[in-house]
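The whole structure should be built from the sequences, with the hints applied where relevant.
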Amino acid sequence: MLKNYFKIAIKVLKRNKLYTFISLFGISFTLMVLMLASAVLENELGANPPLSKRDRILFLPSFTGQGFEREKISTYDTTEVNGVMKIDTTVTTKIIEGKVASNTVSSLSYKLYKDHLSRMKTPELISVFIDYAPLDVYPQGQKLTLNGNLTDAAYWKIFDFRFVEGGPFTREAVDNKANVIILRESTAEKYFGKQASYLGKELAWGIQGSFKVVGVVKDAHTSNRSVRADFFVPISWAGENELDYPQAYFGSCVVALLAKTPADMPKMEEELRNVENNLEKANNFDRYMIHEKNAADVYAWQFMGTQETRKGGEFLGIVLGVLAFFLVIPILNLVNLNVTRIFERSSEIGVRKAFGAKTGDLLLQFLFENLIITFLGGIIGVFLSLLVMNVLNRAEVFGVTKLTFNLSVLFISIFITFVFGILSGFLPAWRIAKTPVAGALKTGKL
Amino acid sequence: MIELKNLSKSYYTDVLETVALNDISLKIGKGEFVSIMGPSGCGKSTLLNMIGLLDSPTRGHVSIKGVNLENQKENDLAKFRNENLGFIFQSFHLISDLSVIDNVELPLLYRGESAKERKRLSEEALEKVGLLNRKNHYPNQLSGGQRQRVAIARAIVGKPAVVMADEPTGNLDSVLGNEVMQLLLDLNEQEKVTVVMVTHDESMARKTHRVIRLYDGSLVN
Ligand SMILES: Nc1ncnc2c1ncn2[C@@H]1O[C@H](COP(=O)(O)OP(=O)(O)O)[C@@H](O)[C@H]1O
Ligand SMILES: [Mg+2]
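If you're matching them up, the sequences are chains A and B in order.
If you count by the working numbering, then the first sequence holds residues 1 to 446, one letter each, in order.
If you count by the working numbering, then the second sequence holds residues 1 to 221, one letter each, in order.
Simulated from the structure, these hints should not be mistaken for lab results.
Check the hints yourself; a few may be wrong.
Claimed, not checked - Calculated lysine-lysine pairs in the DSS-like style (CA-CA distance at most 30 Å, straight line):
1. B:K135 <-> A:K442
2. B:K79 <-> A:K11
3. A:K260 <-> A:K212
4. B:K30 <-> A:K3
5. A:K442 <-> B:K116
6. B:K27 <-> B:K116
7. A:K111 <-> A:K3
8. A:K434 <-> B:K128
9. A:K358 <-> B:K119
10. A:K17 <-> B:K135
11. A:K358 <-> B:K116
12. A:K442 <-> A:K14
13. B:K73 <-> A:K3
14. A:K7 <-> B:K128
15. B:K159 <-> B:K116
16. A:K14 <-> B:K135
17. A:K434 <-> B:K159
18. A:K434 <-> B:K5
19. A:K7 <-> B:K119
20. A:K358 <-> B:K30
Stated by the list, open to error - For each label pair, taking beta carbons as the anchor points, the in silico distance ranges come out as:
21. B:Q72 <-> A:A47: 56 to 64 Å
22. B:K116 <-> A:F29: 40 to 48 Å
23. A:V419 <-> B:K116: 45 to 53 Å
24. B:Q72 <-> A:K14: 36 to 44 Å
25. A:V419 <-> B:T18: 39 to 47 Å
26. B:N140 <-> A:L320: 46 to 54 Å
27. B:N140 <-> A:L386: 37 to 45 Å
Quick reminder that beta carbons are idealized off the backbone N, C-alpha and C, glycines included.
The following block contains the structure:
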């Protein structure tokens, strides 16, 4: 029976070359789009090193200080002094709660970390770092612009970088302002030329002197600023004026919090609200806001929203929506094609029914045909995706982000196309199977 | 063998009702070769579809081999057709994507016969219509007469008790038509198969046991 179905499926595919081509193209193209989109999303939003713990990490990249409007109120008092009337003026300043007059947004100060955030109870780990500080170095007399993170020791426990060799720097190294540096693999190669090992090699950093390589990490394939640096040195190398600006809690630091469990995230946010409220109100600032973002929010921030908003969920929704919209078109096409194709074969269906085919037999036959074309389309789609990914990666279309093939996405995609194949094959087959044989035989010509 | 009682069939469109068959009662005995005649549009095909269980009547009863069939489920009817009925159509209705032998074995496929048995029976049927040497050809490589003989092989491969033929020679010239007619006569005589045939051709009708005449959906006597 199945052999018979297979025979006819292959024949049908061979006979309707245009149909076959369009179907295969539709399926493989749909698959490719799904594969690429999910590869990008997986790269940016998947739990991969160094952001494997992303569902427990909150980034605190910015901080707002607001000053409310003030009103001067003079009260007059008349008193009689020695029989002469005297007017007494008292001037009081009233703060109009909630009416924002000034708004200052910046990164966090080290002081804010040290005096308040580092004392938080909910997080398992708390790290402070300065992200993405530019640095020009001159290996072999050539200018090379690098971006570096100045980090503490906890940083390496929150972000699980893969070390090719060596390891993270220690607390002591941070406290003692040791001349140690960790390089990204591709940076090490650029700076020193390709070597078997870079450990112990020295990198010159202007007046700061020479830094010894203590670790080399695998390139992080994500655009997240907090982890995509070319090099890492202890945060103690940051200048005083970089860590704390003169005003309030503004500085150039980012703080990352690691919750004990994903379920702890709301609790951590609650504690942050507490920290905000207990900050000392100075320099005419009446309200402080710490803006926390999770990894998805940080990613979305590149495209929408502000420092103060969290748009990760919304962004993902939009991306999926757009994707769905683009997939609807080829899928509808496929459905349409399938429907016409099956109606074209109503005479065949009529004959089969006349000679004893049951509804189930016919549905099975069309299911099988769809299975075969989906399978073929799937194979082509896989090759197409691999090809396009390779091209995109080489052209660095997504910058440092490297697209990788994802098997579970492949299966999900094949499943989706298969479901649509079935639906589009089933509905018309079902309708024809339900019409009286006489009618089916009349409409079709063979 | 076949019994119709007060059978009527109407087709409904949005605005009008076409009465294709009006209160038909008739019996066809086992081993009979009956032809149905009448002007175009008088309901011959409709009548054959009713007898062949390819469409359901609006009113009335159909029974074959003593089995009442008007209220059966579609899948049960399919099984009944598969085991008891064979069909030959004016326009052959061969499946062009299948080879001759694959076309012929179709009824056996839905009977769950083994591949070996299907092959044996199909070859036997093709032998009877004289086309065994063409078993691996495709329908579009055959002449009209050959195609209709393949269709006959398909109709008889499952050894049905009744074969229905709707103008089987309508698309053939007289020589080929006579060949096909002869096959049906042989089938009826040698294997005692009941044959119900719609035809326009008086000379063909005369060769059958009985002629049923229809006019405007009613029997004429
Ligand atoms: N599926 C249908 N829908 C509507 N009317 C139909 C349908 N099939 C047949 N008819 C009508 O029923 C009448 C009988 O048709 P038919 O049995 O095909 O005639 P014959 O085979 O004798 O030429 C005709 O008037 C025809 O137009
Ligand atoms: Mg007719």
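Task: Holds or violated: K434 of chain A to K128 of chain B, with C-alpha atoms at most 30 Å apart - done: 34 Å, violated
TODO: Measure nothing beyond the straight line between the CA atoms of K358 of chain A and K119 of chain B; if it is 30 Å or shorter, mark the hint as holding.
DONE: 22 Å, holds
- [ ] For the pair we were handed, K358 of chain A and K30 of chain B, check the Cα-Cα distance against 30 Å.
- [x] Cα-Cα ~27 Å, so holds.
- [ ] Hint says 46 to 54 Å; check whether the CB-CB distance for N140 of chain B and L320 of chain A agrees.
- [x] Between N140 of chain B and L320 of chain A, where Cβ atoms are some 49 Å apart, the hint holds.
- [ ] Could you check the hint for me, namely that V419 of chain A and T18 of chain B are 39 to 47 Å apart, CB to CB?
- [x] 41 Å, holds
- [ ] Given the hint that K7 of chain A pairs with K119 of chain B, test it: the Cα-Cα distance must not exceed 30 Å.
- [x] Status holds; Cα separation ~16 Å.
TODO: With a cut-off of 30 Å on the C-alpha distance, tell me whether K442 of chain A and K116 of chain B pass.
DONE: 33 Å, violated
TODO: Would you check the hint for K79 of chain B and K11 of chain A, treating anything up to 30 Å between C-alpha atoms as holding?
DONE: 27 Å, holds
Task: Pairwise hint evaluation, K116 of chain B against K159 of chain B, where the allowed Cα distance is 30 Å at most - done: Holds, at roughly 17 Å.
Task: Restraint check for K442 of chain A with K14 of chain A, where alpha carbons must lie at most 30 Å apart - done: 25 Å, holds
TODO: Take the C-alpha atoms of K434 of chain A and K159 of chain B, compute the straight-line distance between them, and say whether it is at most 30 Å.
DONE: The hint holds at about 27 Å.
Open item on the list: Tell me if the straight-line CA distance from K7 of chain A to K128 of chain B falls inside 30 Å.
Closed with: At roughly 26 Å apart (the allowed maximum being 30 Å), K128 of chain B and K7 of chain A satisfy the hint.
Checked against the numbered hints above, the structure breaks hints 3, 4, 5, 6, 7, 8, 23 and satisfies the rest.
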